[in-house]
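Peer 1: With chain A held as given, fit chain X onto it using these hints.
Those sequence lines, one after another, are chains A and X.
Numbering-wise (my numbering), the first sequence opens with residue 4 and increments by one.
Numbering-wise (my numbering), the second sequence opens with residue 4 and increments by one.
Worth double-checking, as some hints may not be accurate.
For identical chains, the list gives no copy identity; a pair is met inside one copy or between any two copies.
As the list claims (entries may be wrong) - Dumping the calculated BS3-like pairs for lysine-lysine here, alpha-carbon to alpha-carbon at most 27 Å:
hint	residue 1	residue 2
1	Lys5	Lys30
2	Lys30	Lys206
3	Lys5	Lys283
4	Lys209	Lys73
5	Lys96	Lys82
6	Lys30	Lys40
7	Lys5	Lys40
These are computed hints drawn from the structure, not numbers from a lab.
Protein chains: 2
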Amino acid sequence: MKTYIECLACLVRQAIDIANANLDEEKREGFMRFVLKGLSTFDYRNSPPMMARQMYGRIRELSGIDDPYKDIKKHYNDKALQMYRGLKDTVNKSPDPFETALRLAIAGNIIDFGAGGGHDISLDDTVKHALRDPFAIDFSHDLRSELEGASTVLYIGDNAGEVVFDRIFIEEIGPEKVTFVTRDIPIINDVTIEDATYVGMDKVCKVVSSGSTAPGTPLEICSEDFKDMFLSSDIVISKGQGNFETLSSASREIFFVLMVKCPVISREIGAEVGSLVVLKKPSPTVDADNDKPIEESIDVHPNVME
Amino acid sequence: MKTYIECLACLVRQAIDIANANLDEEKREGFMRFVLKGLSTFDYRNSPPMMARQMYGRIRELSGIDDPYKDIKKHYNDKALQMYRGLKDTVNKSPDPFETALRLAIAGNIIDFGAGGGHDISLDDTVKHALRDPFAIDFSHDLRSELEGASTVLYIGDNAGEVVFDRIFIEEIGPEKVTFVTRDIPIINDVTIEDATYVGMDKVCKVVSSGSTAPGTPLEICSEDFKDMFLSSDIVISKGQGNFETLSSASREIFFVLMVKCPVISREIGAEVGSLVVLKKPSPTVDADNDKPIEESIDVHPNVME
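Only chain A is shown next, with the shape it has when bound in the complex (with noise of 0.2 Å):
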């Protein structure tokens, strides 16, 4: 997805957001402007979080904090773990586990930071609404069907704490065929390995990195090794905002999780903000003369703020 011009304003929130927990006073001016030249350059063809990635980077450096919000992202694990018991009963005595299951993955990705979040998340309600509310795009149909025939399972996280829902929904799945995927790097509240690790993920199924240092999946910086399973693998779950900002146009099919969380995504998606969507994306059209996929070129962006 490109950076619609709606995206500014929110990543310059977010750029405020973060100067003030993380700067000294005297610190965030400078950061502002670095922040905001860099926007007024940026290619815009990009997504929002090859941006993102740019302002976290230069918060690192200028903090000398590599992972601000470690706390944060304990205490929506520890939240999350200690929900796992009631989840799993949850799904368990449900009519359709994997149905119910699935709908907690989405109910799990409201803990977000960079979307507006923030701490005062009522899990619990989302779990109600999730579990509850109509899917505003719904192939989940298509998802059960097709997993059931997947030897391999490509399942891209999101954030700390909703990988305690993720999980859940694997176990369902089957995790034996699943590979989740981490970012890189500490970057906002998103999953990292450490994360995924500290709800044992790793004791559930295989527990890889993209390679990604920004709060999403852009191919362009992913590690080739990820490449190769991106492409291989039976079946790619996606999961979250960021994930589908930027693999919303790469070239395989992809079922989008997620809960739809700003007007832009809204927009993009065609379903409301608050809604739950599990989308899936089409291969695009392979060209018949070459039998490349028309979108398969992925090009690398140079990094226009540093």
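Peer 2: Structure of chain X alone, referenced to chain A:
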């Protein structure tokens, strides 16, 4: 008032709104890049309206539209004029017509598009709130007693629509000693001489332009005639946030009459968002050595966005 980093998000949001409302899609990105670049180099010792001035100036150039808010201003002028008779009755029947008219003048200040208001303002609810709630900061007794002894009052207006509420208060002050001040050109929904004339202010008191092309009254861009009046009038009443932002450190006593509409102003003034304020800013301390007010230097800042 300086530009705080929080103001940057608000200015970017305003830029997106005016770009979407006034520019064809292909011009919006270029405008946003202009704004972001300007914000990245702006001297933050300037007030936010000095930045807004350049954004709106560029919108006029790119769109060819001199007054993008013309219809909205007329709508609110008409709406307020329809309320005029009823509001006058409220004032006349109240036990304290001066205070009631002052409260109505503050209520009118809700009509503000820059600060994120918009079309769905409930003027009736705001009037009820303004007539009932205590002032968060209350120098209304000073204002009343100083007005009694004054022979020249400079009343710096803020927005169209609001100007009708100002008229009611000015009629209570004694309009023969009042000069009502407008912006020099249309900017956002700020009051112009045309608006003041449309609602009959010119039949009540003298109406002049400050010479300001910003949504506020930055003295460094105002006319010499206005600055003379500003310094020589017995009393200056300043309506609204934009005037507060640009005059908060001016070198004379000013009464700031406004409704607090954003967190930055809230923090600066020390009153909650939504609260009613009648603030008396004293004249800055005089330096005994040269008998000049310490803050009298009014720098002309270069227009860094052009």
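Peer 1: Against the structure, test the hints numbered earlier, and report the numbers of the ones violated in rising order.
Peer 2: Violated hint (a single one): 2; every other hint is consistent with the structure.
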